[in-house]
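Going by the UniProt record's numbering, the sequence shown opens with residue 1, and the numbers climb by one from there.
Accuracy of the hints is not assured; some may be wrong.
Stated by the list, open to error - Taking CB as the label site, the calculated pair distances span:
1. D24 with E65: 23 to 33 Å
2. G2 with D34: 44 to 54 Å
3. G49 with L3: 50 to 60 Å
Derived from the structure by calculation, the hints contain no laboratory data. Backbone N, C-alpha and C define an ideal beta-carbon position, used for all residues, glycine too.
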Amino acid sequence: MGLLGTIADALEGSTQRAPGNAGDDGSEGSYWCDDCGVRVRDVEVDAEGLDRDGDGTPACPDCGESMQFERASGSGCAC
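Kindly produce the complete structure, drawing on both the sequences and the hints.
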């Protein structure tokens, strides 16, 4: 294997996610509170015990305002 092959292999390996990284749990994004800056991943809303409005949108645990959903971009988590 030549120098270019070694570089290509190193670059390819750096873009692959290791097993167990965030995003492997079915998360599609996070809920954000515009007023407080609180963020809760969609897969953690029920575990956090957040109240929901009639549409199912969680309320901020700090101020009680409705949170905005933002989808994760790419294949990583919505961190």
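Hint check:
1. D24 with E65: 23 to 33 Å: Once the Cβ atoms are compared, 30 Å apart, the range 23 to 33 Å for E65 and D24 holds.
2. G2 with D34: 44 to 54 Å: Since the Cβ atoms of G2 and D34 sit about 53 Å apart, the hinted range of 44 to 54 Å holds.
3. G49 with L3: 50 to 60 Å: 55 Å, holds
Checked against the numbered hints given earlier, this structure breaks none of them.
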